[in-house]
Amino acid sequence: MTDSTLQSKAAATAAGDDTEGMSYLESLPRRLVTLYLPLFLILVVLLFPFYWMVLTSIKPDEQLIDMEKFNPFWVVHPTFKHISKLLFETQYPRWLWNTMYVAVGATFLSIVASVLSAYAITRLRFKGAEAVGVLIFFAYLVPPSILFIPLASVIQAYGLFDSPLSLILVYPTLLIPFSTWLLMGYFKTIPYELEECALIDGATRWQILVKIIVPLAVPGLISAFIFSFTLCWNEFIYALTFLQSTPNKTVPVAIVNEFVDGDIYKWGSLMAGALVGSLPLVILYAFFVEHYVSAMTGAVKE
Amino acid sequence: MSTVQTSMPAQAAAAGEPSLWSRLSGNRNWAAFWFMLPTAAFLILFLAYPLGLGVWMSFTDERIGRAGAFVGIENYQWLWDDSIFWLSVFNTLFYTLIASAIKFAIGLYLALLLNRHMPFKAIIRSIVLIPFIVPTVLSAIAFWWIYDSQFSIISWSLIKLGLIHSNINFLGDTEWARASVIFANVWRGVPFVAITLLAGLQTVSPSLYEAATLDGATSWQRFRFITYPLLTPIIAVVMTFSVLFTFTDFQLIWALTRGGPVNATHLMATLSYQRGIISGRLGEGAAIATAMIPFLVAAIAISWFGMQRRKWQQGSNND
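Protein chains in written order, with the numbering used here: chain A, 1 to 302; chain B, 1 to 319.
Okay, chain A solo, but in the shape it has when bound (with noise of 0.2 Å):
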């Protein structure tokens, strides 16, 4: 906050951060009850399954099941037991794998995609670009939950049923809507006479998207990245409808197949298997958190 640019202090006004505003005006026992009873009391309710599932992948089985002898909200002699198993017993690496493989092989096709269309719709100006926007929107609407079963039968036409090449085909239908309006918002922010003064040196467009736009534009591919890498983990519908033998199995589709049986002392390496399957996300998140937030708000402001 040094510098003091005009622009910075616009900025710091418009979002408001660095000001204290009228908070000054309340009292701090007012303060208490109408902000941080609630906010805590909510952010209680949002943590609680994970402490839950935390919790219960390192309880044993004897405090699991019993709730009169142990108090359930904590844990007395943490084991490994549940992770270890999941982990060398079942084909849990296999599946984080397969998920890690389809994630990255469909975000990467997506991006490369997004990249070129964005471009063309928003600095080409081709006939029709405005109406190509809008389709690409509204494909963005279309739902998995009714493209499922003729896309079952699409997969099982060109022979790629049961194998993850499936999905990676499959989920950039999913994310280059989105990526394409999130990009477009960034291009259209570059100025025309950069691209201009490479037409003049002779750039050809596809020089000027690769060595001009696409590096002014990396918090965007960072941003569409992220988010795309997050929906195909997430993905369920597909994976489940597309894949059939378990070991080519998504993290998601194996813990609510694989793992249901009826033991009663599941629950242990079936929260294990929900944490270690949450954790990438959670991770790759707390180092985007900015981008992942532009992601999420930008596409819904266009």
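Just so you know, these hints were derived from the structure itself, not from any lab.
As the structure is a prediction and not an experimental result, all values here were calculated from the model.
Please note that a few of the clues may not be correct.
Okay, the calculated bits of chain B under chain A, using three or more residues with CB under 8 Å as the criterion [what the hints assert, rightly or not]:
{"id": "1", "stretch": "104–113"}
{"id": "2", "stretch": "130–138"}
{"id": "3", "stretch": "248–255"}
{"id": "4", "stretch": "269–275"}
{"id": "5", "stretch": "285–295"}
Taking lysine-lysine pairs in the DSSO-like style, the calculated list, with each CA pair at most 30 Å apart, reads [claimed, not checked]:
{"id": "6", "chain 1": "A", "residue 1": "127", "chain 2": "A", "residue 2": "188"}
{"id": "7", "chain 1": "B", "residue 1": "160", "chain 2": "A", "residue 2": "266"}
{"id": "8", "chain 1": "A", "residue 1": "69", "chain 2": "B", "residue 2": "160"}
Just so it is clear, CB atoms sit at the ideal spot from N, CA and C, and this is done for glycine as well.
We have chain A; now place chain B onto it with these hints.
What follows is chain B alone, placed relative to chain A:
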């Protein structure tokens, strides 16, 4: 001009004829065509074509492993007389309306709280979004354990507090099951609504509130006449998305109840999966999925025309 990079698939196709390529690349519409090609290929092959195919399949009696014959509207006639189908329509509307209304109320409230000045604001905002990051199925599994009929922590706590005497059968009782899945859906949806509305709130200039306070406005009046009107466009967009995703929800229900008990939580999406994939009657499943389309179109149309009317009233676009 002749030494352009060749990592683009389109160029590989045209590499044999440099003259044609240079001629085409000179034309803006042709360049745009090549740039749009990957996106168009994905969206046509795996989105537009299946969408049409789904509607066609709903008019056939296709089953898994057997090609279908055209049967007209037989699937729809069958569904029209099927009480389970109508129950699923009711459940879907009920689930969508209740969950969206609660998500909106709590989300807006949370956004207003987060918009206020407090210590550790950035960290608290990041924490709020975590339920949205974690894959739905995995958090649904945690809820499944929380709702367990024998070892539910909620039942245990309520018994210890002396409020109830026996375990609540969260997912086994019709009314409790509906309430439980709605709660889990709200839990996951609130962060999205709150954080996007917060982004909208941050664009509202604080000086408006200061001016209103000087004029003697109460906090309710500041909300009603400043925050709410300025936030309406973003509320419309966020709630449209929220309604669409809730209406077509599948994974939360499938992980928690699979439509049970006695179909009380069957949504149209889960019923479509049950009939289409598990029972193998693809035609009937496709008919249920197609029956969702009018509802989706109606929801999108309402928000679209609402926005248009608003723009027209204000005399300009308000992006």
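Going through the hints against the structure:
Closer than 8 Å: that is the beta-carbon criterion, and the stretch 104–113 of chain B has 4 residues meeting it against chain A, so the requirement of 3 holds. Residues of the stretch 130–138 of chain B lying with their CB closer than 8 Å to a CB of chain A number 8, which satisfies the three-residue condition for coverage. For a cut-off of 8 Å, the count of residues in the stretch 248–255 of chain B with a CB near a CB of chain A stands at 6, and the three-residue condition holds. Coverage of the stretch 269–275 of chain B by chain A holds [criterion: at least 3 residues with CB-CB distance below 8 Å; count 3].
As drawn, the stretch 285–295 of chain B meets chain A at 6 residues by the rule of a beta-carbon pair under 8 Å; at three or more, the given contact holds. A threshold of 30 Å between alpha carbons decides the hint, and for residue 127 of chain A with residue 188 of chain A the separation of about 18 Å falls inside it, so the pair holds. For the hint linking residue 160 of chain B to residue 266 of chain A, the alpha-carbon distance of about 25 Å falls within 30 Å, and the restraint holds. Distance restraint check for residue 69 of chain A and residue 160 of chain B: the Cα-Cα separation of roughly 13 Å lies within the 30 Å cut-off, and the hinted pair is therefore satisfied.
In the structure shown, no violation is registered for any of the earlier numbered hints.
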